[in-house]
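J.: One letter stands for each residue in the lines below.
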Amino acid sequence: MITTSNLSKTYSGNQVLHIENLDIPKGQSFGLVGNNGAGKTTYFSLLLDLIQPTTGHIISNGIQVNKSEDWKPFTSAFIDESFLIGYLTPEEYFYFVGELRGQNKADVDTFVSQFEDFFHGEILGKKKYLRDLSKGNQKKAGIVAALIGNPEVVILDEPFANLDPTTQIRLKGIVKDLAETRGVTVLISSHDLMHVTDVCERIVVLEKGEVVKDLVTNEATLKELEAHFAN
Amino acid sequence: MIKHFLNLEWKAFFRSASFGKSLGVKLLMGFFAIYFMVVFLGIGIMLYPGLKKLYPEQDPLIIVNNFLFFWILGDLLFRFFFQKLPVMSVKPLLTLPIGRNKIVNYVLGKSALSFFNFLPLFAIVPFSIMLLVNDYPLGAVLAWVLALVLTTLIINYLNFIIESFSSETELSFLPIILITGGLFAIDYFELLSFKNLIGSAFNAIYQSPLLIGILVLILVALFVLNSKLLHKKLFLDSGLKTQVKEVNASNLEWTKNFGDIAPFMQLDLRLIWRNKRTKSSVWMLALGLLYGLFFYPNPTYNNMPFFFIFIGIFSTGIFLINFGQFVPAWDSGYYKLLMSQNIKYEQYLKSKFTLMALSVVILFVLGIPYVYFGWKILLAHFAAAIYNIGINTHVILWGGAFNRKKIDLSQKAAFNYQGTGAVQWLIGIPLLVLPMIIFALLNWLLSFEIACLVLIVMGVVGIVFHQKLMRFITGKYLESKYKMIDAFNQDN
Chain A
1 MITTSNLSKT YSGNQVLHIE NLDIPKGQSF GLVGNNGAGK TTYFSLLLDL
51 IQPTTGHIIS NGIQVNKSED WKPFTSAFID ESFLIGYLTP EEYFYFVGEL
101 RGQNKADVDT FVSQFEDFFH GEILGKKKYL RDLSKGNQKK AGIVAALIGN
151 PEVVILDEPF ANLDPTTQIR LKGIVKDLAE TRGVTVLISS HDLMHVTDVC
201 ERIVVLEKGE VVKDLVTNEA TLKELEAHFA N
Chain B
1 MIKHFLNLEW KAFFRSASFG KSLGVKLLMG FFAIYFMVVF LGIGIMLYPG
51 LKKLYPEQDP LIIVNNFLFF WILGDLLFRF FFQKLPVMSV KPLLTLPIGR
101 NKIVNYVLGK SALSFFNFLP LFAIVPFSIM LLVNDYPLGA VLAWVLALVL
151 TTLIINYLNF IIESFSSETE LSFLPIILIT GGLFAIDYFE LLSFKNLIGS
201 AFNAIYQSPL LIGILVLILV ALFVLNSKLL HKKLFLDSGL KTQVKEVNAS
251 NLEWTKNFGD IAPFMQLDLR LIWRNKRTKS SVWMLALGLL YGLFFYPNPT
301 YNNMPFFFIF IGIFSTGIFL INFGQFVPAW DSGYYKLLMS QNIKYEQYLK
351 SKFTLMALSV VILFVLGIPY VYFGWKILLA HFAAAIYNIG INTHVILWGG
401 AFNRKKIDLS QKAAFNYQGT GAVQWLIGIP LLVLPMIIFA LLNWLLSFEI
451 ACLVLIVMGV VGIVFHQKLM RFITGKYLES KYKMIDAFNQ DN
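In order, the protein sequences belong to chains A and B. The first sequence begins at 1 in the UniProt record's numbering and counts up one residue at a time. The second sequence begins at 1 in the UniProt record's numbering and counts up one residue at a time.
Hints in this document: simulated from the structure, not taken from any laboratory. Everything numeric in this text was worked out from a predicted model, so none of it was measured. Quick reminder that beta carbons are idealized off the backbone N, C-alpha and C, glycines included. There could be a bad hint or two in this list.
[To be verified] Using C-beta positions, here's what the derived DEER-type ranges look like:
#1 A:G125 <-> B:M304: 35 to 43 angstroms
#2 A:Q114 <-> B:H231: 45 to 53 angstroms
#3 B:N105 <-> A:T10: 26 to 34 angstroms
#4 B:F402 <-> A:T10: 22 to 30 angstroms
#5 A:S134 <-> B:L225: 49 to 57 angstroms
#6 A:E226 <-> B:F402: 43 to 51 angstroms
#7 A:N6 <-> B:Q467: 51 to 59 angstroms
#8 B:I98 <-> A:G125: 51 to 59 angstroms
#9 A:E69 <-> B:F258: 52 to 60 angstroms
#10 A:K208 <-> B:P92: 43 to 51 angstroms
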């Protein structure tokens, strides 16, 4: 689904990302871990063509992302709060995103109603603008908006941060369901090793912009990761 | 401590993503400043001999004193629209060991150093030198100069208070218009002659300099009031955080008539209506619409047809100028979302274009009553409206591709008076001046009708090539996509 070859990003002589080769097959739940500055967000930004690669390229479903815009219909993401439109209510935001992805209001309503549990009654029908919601609730709205319109690739940067424990557990369920039963390729980054090992089939460790570990998740993975980061 | 604050501002200016543009604007402002300095200097030198010549039997100083009331009103108005209040991002400083007093005093102190406070000196000092040359007593003249300097500072802090109150209301410029207009009207209809009151006050200070103490007291009172107001804003739960209001949502179904740009039009309309800053640009419409009334009743302007075009462009294009110049910065807060979503750039820009073109049409229609002042005016306004739709909309959208300054719509920081300075009017100049020059030239060489026709034809050509122009503009935006994303990611 997503093929990365010879990808690098350099800021004024300082290399922040260098990935020789990385293949992510369709329907995989893919976890990216690494300390601050390891290049996680840079990689996601490159995937979304928000910054330009210095060398190399990413091919998503046969489309080179920095050459054509045809990857947009099947890709969606929630990176940070700057993906939210503060002066809309959550409903209006969902409708707006839905409209861009070819879903009418009824479609969006049915889709969003599945997430009532996840929202915990704090998002819908509150008559509040997104900018007036708490950080955690903003995140919930952003994550759900990223799932509207049956995307084939979903990119979530640190989805677990800022969420309360109940919501974290529910989010894990949602992500697992996406990858296992709907065949969506999910890319997640996190600082929480426990959460990623719970959710992801495969975990890649970035360090100073390079892939240092590429693991298929099993019972020993968490231990291995903890040992790696302890040094 | 002041050293630290200055250092922070210095870095904020030089490290900003829009540094190049800010520098250019600063240079332009520098030229304007020099121009005004020269004008004021000229006034200061010429005032005494001029008044002596016109009114040989009166004392020029008393004439000047009688005129001071209008200077105060004019200065207040001028400052409100052009003086930028000091902006500081206060939040990061609150938890540091810096006294709140220090922050407040710094902000207030800095505003005393504003160019607007020094400008009058360029007129006052030469005038008082002329007074001294003409054998006025030194002590009294010095007291008079000091009184004027104090008055300037009083105006400065009065403006500060007016702005901090009016920035919280939607009709931000209404209070100032009401206050100055009201005072002027009271004086004009002789209910209470402020003109004489202020005139005799300054005469009195000239006679007995000790009265200056009153001005000092007023100044101190205003300063204390200002620092109280600012103090209140320095708490997270008051000035730095906006209150949560309940939303009344409308679904804006009618925008569906515009086809595939409908979602963006809905977004733009909500953007305009739900943010304080954009909302005030809507109220500006009223100001623009009535702008002609300042000029047309005055017969002097009747033989200056190029002025019709100026008013026409301005009054039909005021929304265009105010809103258009900040495309795409209005959307800077969520620009990354737009860029990674399944959207066509062209539709996004077309929605902005449609809004601006619609506003021109509506403003032209509302301005039709100007025909009362002559059919030529209506024709000129029509030509201006077509020119606005065909040329100016495209120019301003094109200019947006070079926009690198983020606009923080949520306005949570205190002292945030972003974009209320002189700069936002500068951008209107090429849009206004170019058609005026073309028109004036043709009007002078050929005739009024042909001049109007040429502007109309130019506008129509722009409309005909709309698709082509939009494609070109879209290309420009795509070219600077990464730069814009990067710049909008920064906080200033």
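J.: Next, verify each hint and record whether it holds.
T.: These are the hints, each one checked on the structure:
no.: 1; hint: A:G125 <-> B:M304: 35 to 43 angstroms; in the structure: violated, 59 angstroms
no.: 2; hint: A:Q114 <-> B:H231: 45 to 53 angstroms; in the structure: holds, 49 angstroms
no.: 3; hint: B:N105 <-> A:T10: 26 to 34 angstroms; in the structure: violated, 46 angstroms
no.: 4; hint: B:F402 <-> A:T10: 22 to 30 angstroms; in the structure: holds, 26 angstroms
no.: 5; hint: A:S134 <-> B:L225: 49 to 57 angstroms; in the structure: violated, 35 angstroms
no.: 6; hint: A:E226 <-> B:F402: 43 to 51 angstroms; in the structure: holds, 50 angstroms
no.: 7; hint: A:N6 <-> B:Q467: 51 to 59 angstroms; in the structure: violated, 39 angstroms
no.: 8; hint: B:I98 <-> A:G125: 51 to 59 angstroms; in the structure: violated, 43 angstroms
no.: 9; hint: A:E69 <-> B:F258: 52 to 60 angstroms; in the structure: violated, 23 angstroms
no.: 10; hint: A:K208 <-> B:P92: 43 to 51 angstroms; in the structure: violated, 29 angstroms
In terms of the numbered hints stated before, the structure departs from hints 1, 3, 5, 7, 8, 9, 10, listed from lowest to highest.
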